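**Q** Sequence:
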Amino acid sequence: MKAFVVTLLLSFIVMNASVVNAHELSSGYLTLNAGEENTYSGELLLKPDDIGQVAGLDTNGNGALTWGEIHQNQSLLENYIANVLSIRVDDSPCKISLSMPNIRSVSGDSYLVSPIKVMCKSSGTLGIRYDGIFEHSPTHKLLVNVNLAGQSGSRTQNSSQSSTENTSVTSVLDIDNRSVTYDAVTTSLTALFISLVYEGVRHIFIGIDHILFLVATLLTVNLVREQKRWQKEPSASRVLKHTVILVSAFTLAHSITLTATALDFIALDSRLVELGIAISVLLTALNNIYPLIVRLGIITFAFGLLHGMGFASVFADLNAQSNNLVLSVAAFNIGVEVGQLAIVAVLLPLLLWLRHFAFYAKTLMPLLSLVIAIIATNWTIQRW
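Note that my numbering has the sequence shown beginning at 1, numbered continuously upward.
If you are wondering where the hints come from, they were derived from the structure by calculation, not from laboratory data. These numbers were taken from a predicted model, which means no experiment stands behind them. Everything hinted at is true.
Keeping only pairs whose Cα atoms sit at most 25 Å apart, straight-line, the calculated DSS-like set for lysine-lysine is: (1) LYS47 to LYS117; (2) LYS95 to LYS47; (3) LYS95 to LYS117; (4) LYS232 to LYS362; (5) LYS241 to LYS362; (6) LYS228 to LYS241; (7) LYS121 to LYS95; (8) LYS228 to LYS362.
Model the full assembly from the supplied sequences, consistent with the hints where possible.
**A** Laid out in structure tokens, this is it:
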């Protein structure tokens, strides 16, 4: 048994080393607006730290990109982008031109903004492929927004994308999904809805802090506190009731703040939100070991408000230029709930079974809570 416990602890600590930054993703932005005579104009936004390392702009290697380095090495920047970004119409490559970059703040982060102009030989199916930054940051994403105003609409062929009702189309490119195409067929609201549901589900599964908060919250639903000790909850129906109460409280809370933040009713610095989320995971895990609060509904609701703001920051990136905001919020939120319920559906039967073993309340639950607390402590320190 001791060997099992040690192995479990070590495996979780190793997992922590690889996922601790999973929620803080590297991101870039590409916007293109259709013009006359098969041209597009827009901007490419990349984080200075990212592009400085992979393109060789940080010539002194100190990790801080200066204006002098940007100006002196603009040709390196242009060559790198030419190698990692390609735009085509049908089978014909388009010419990409970059202007002198500038710095802009987006959601509290600084970005190197390169004005871009694309000249194509003809009209047709527009294709974009992007291979940048991934060698430096495997979690990197490029959020692409193409405005096809003046054309007959668009449809994307990509598994993780969204669009507006008319001609503005937003797609997400990552290490496993590096290309997207747009043809001259009007994208429907149904496609927008489905794609944002997908993104909501996807964010739950890559948002390790949200998953660990949910797990920490549910680790004691199958137990009851008696004589200052955790003991088996004999009634399966009460376990189910406790689960429904906690999941509903979390769902209601994060739905409120996701919607309110997305609609600009409330605003809070994203760094404070991420710090608060890490602390919520830490306190929930510690409360399992040293339970100061036994009735968790209210505290779960309060922490859920923070997590909703975290969801909203991701949604803001995905939907930054959508004209169907209410529909988009609803779709993304539904996706979050679907992902959350999938986790509960896997976890609950396991918890119902484990409650029959004395070692769960005495050893396994506190051990799992301790591992989660260690991971959350690491997050808290990094985000402070």
